[in-house]
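K.L.:
Spelled out from the first residue to the last, the chains are:
2 protein chains.
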Amino acid sequence: MAYSKAQGTLVINAWNEMKDDAATFALKFFLRLFEIIPSATKRFSFLHDSSLPLEKNPKLKAHAMSVFVMTCEAATQLWKTGKISVGNTTFAKLAAAHVKAGITDVHFEVLKFALLETIKEAIPYMWSPEMKEAWSEAYDHLVAAIKSEM
Amino acid sequence: MAYSKAQGTLVINAWNEMKDDAATFALKFFLRLFEIIPSATKRFSFLHDSSLPLEKNPKLKAHAMSVFVMTCEAATQLWKTGKISVGNTTFAKLAAAHVKAGITDVHFEVLKFALLETIKEAIPYMWSPEMKEAWSEAYDHLVAAIKSEM
Numbered sequence: 001m002a003y004s005k006a007q008g009t010l011v012i013n014a015w016n017e018m019k020d021d022a023a024t025f026a027l028k029f030f031l032r033l034f035e036i037i038p039s040a041t042k043r044f045s046f047l048h049d050s051s052l053p054l055e056k057n058p059k060l061k062a063h064a065m066s067v068f069v070m071t072c073e074a075a076t077q078l079w080k081t082g083k084i085s086v087g088n089t090t091f092a093k094l095a096a097a098h099v100k101a102g103i104t105d106v107h108f109e110v111l112k113f114a115l116l117e118t119i120k121e122a123i124p125y126m127w128s129p130e131m132k133e134a135w136s137e138a139y140d141h142l143v144a145a146i147k148s149e150m
Numbered sequence: 001m002a003y004s005k006a007q008g009t010l011v012i013n014a015w016n017e018m019k020d021d022a023a024t025f026a027l028k029f030f031l032r033l034f035e036i037i038p039s040a041t042k043r044f045s046f047l048h049d050s051s052l053p054l055e056k057n058p059k060l061k062a063h064a065m066s067v068f069v070m071t072c073e074a075a076t077q078l079w080k081t082g083k084i085s086v087g088n089t090t091f092a093k094l095a096a097a098h099v100k101a102g103i104t105d106v107h108f109e110v111l112k113f114a115l116l117e118t119i120k121e122a123i124p125y126m127w128s129p130e131m132k133e134a135w136s137e138a139y140d141h142l143v144a145a146i147k148s149e150m
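Chains as they are written, first to last, in my numbering: chain D, 1 to 150; chain C, 1 to 150.
Calculated directly from the structure, the hints in this document are not laboratory data. Each statement offered as a hint is correct.
Computed list of lysine-lysine pairs in DSS-like fashion (alpha-carbon distance at most 27 Å, straight line):
1) C:Lys112 to D:Lys28
2) C:Lys59 to C:Lys147
3) C:Lys132 to D:Lys28
Note that the structure is a prediction, hence the values are computed from the model and not measured.
Make the full structure from the sequences, and use the hints.
P.N.:
Spelled out as structure tokens, the structure:
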């Protein structure tokens with residue numbers, strides 16, 4: 001099933017609505033993950049080495065933001081080119097980092113749930129089954145691209 | 001840290017409030033799990049063999065109810081005797097079934113989150129940090145007993 005322009009537009013509109021506070025939402029996204037799987041904090045080397053509280057850790061903020069932005073970019077690419085491309089090297093590096101961290105399918109599933117819940121809470125007035133599906137599919141394609149290199 | 005009478009009482013009071021609708025809450029509890037980890041449905045042999053929708057599956061209802069009830073019983077036992085006992089055979093059987101189903105630590109973590117969210121939504125007027133802690137600890141002890149046989 002092709003990713004439609006309508007789906008791409010939904011994701012971009014949502015992103016435009018969230019982008020001024022994207023850092024806040026990105027952080028909420030990962031704090032939600034850790035609420036559901038507390039042990040996931042152990043998967044991040046930069047959380048071991050830090051005595052900062054989670055919500056102050058700059059590397060966690062950066063990581064959360066990159067997942068958020070990459071999902072959004074994936075939606076645009078899927079609609080415009082039918083595939084995701086960030087350069088094979090990047091996917092290979094992402095895959096290697098996730099293998100090293102012991103990330104499994106379940107982690108990717110819970111992260112997806114956390115992402116969708118975060119967006120739903122950020123922009124409840126824009127939320128719909130179609131919006132959920134548009135973000136879901138973009139995320140699934142992004143994860144599939146990472147997993148194919150794992 | 002010993003499980004206190006106050007904690008046992010919190011769990012029992014919550015249970016008394018929920019028990020008339022316990023089957024409904026138990027089902028919501030597992031539907032929440034599947035919302036967060038859709039692939040978890042594959043872990044239940046009785047879901048493969050059935051064409052019934054999840055919410056109508058009698059074996060899922062029974063399984064959800066047993067987790068709910070066992071957590072509640074664990075709280076009572078911990079307060080009264082300081083340990084959980086359902087007979088070693090039962091824990092060994094539970095452990096074997098969970099190993100066979102490929103259940104990992106992450107699944108137990110997400111199930112805990114789903115349990116706490118379900119109770120919070122069932123009885124918001126009784127919810128508190130202490131209530132959360134009382135159910136959390138009972139659940140953790142129950143899971144530790146199962147895992148120790150896995």
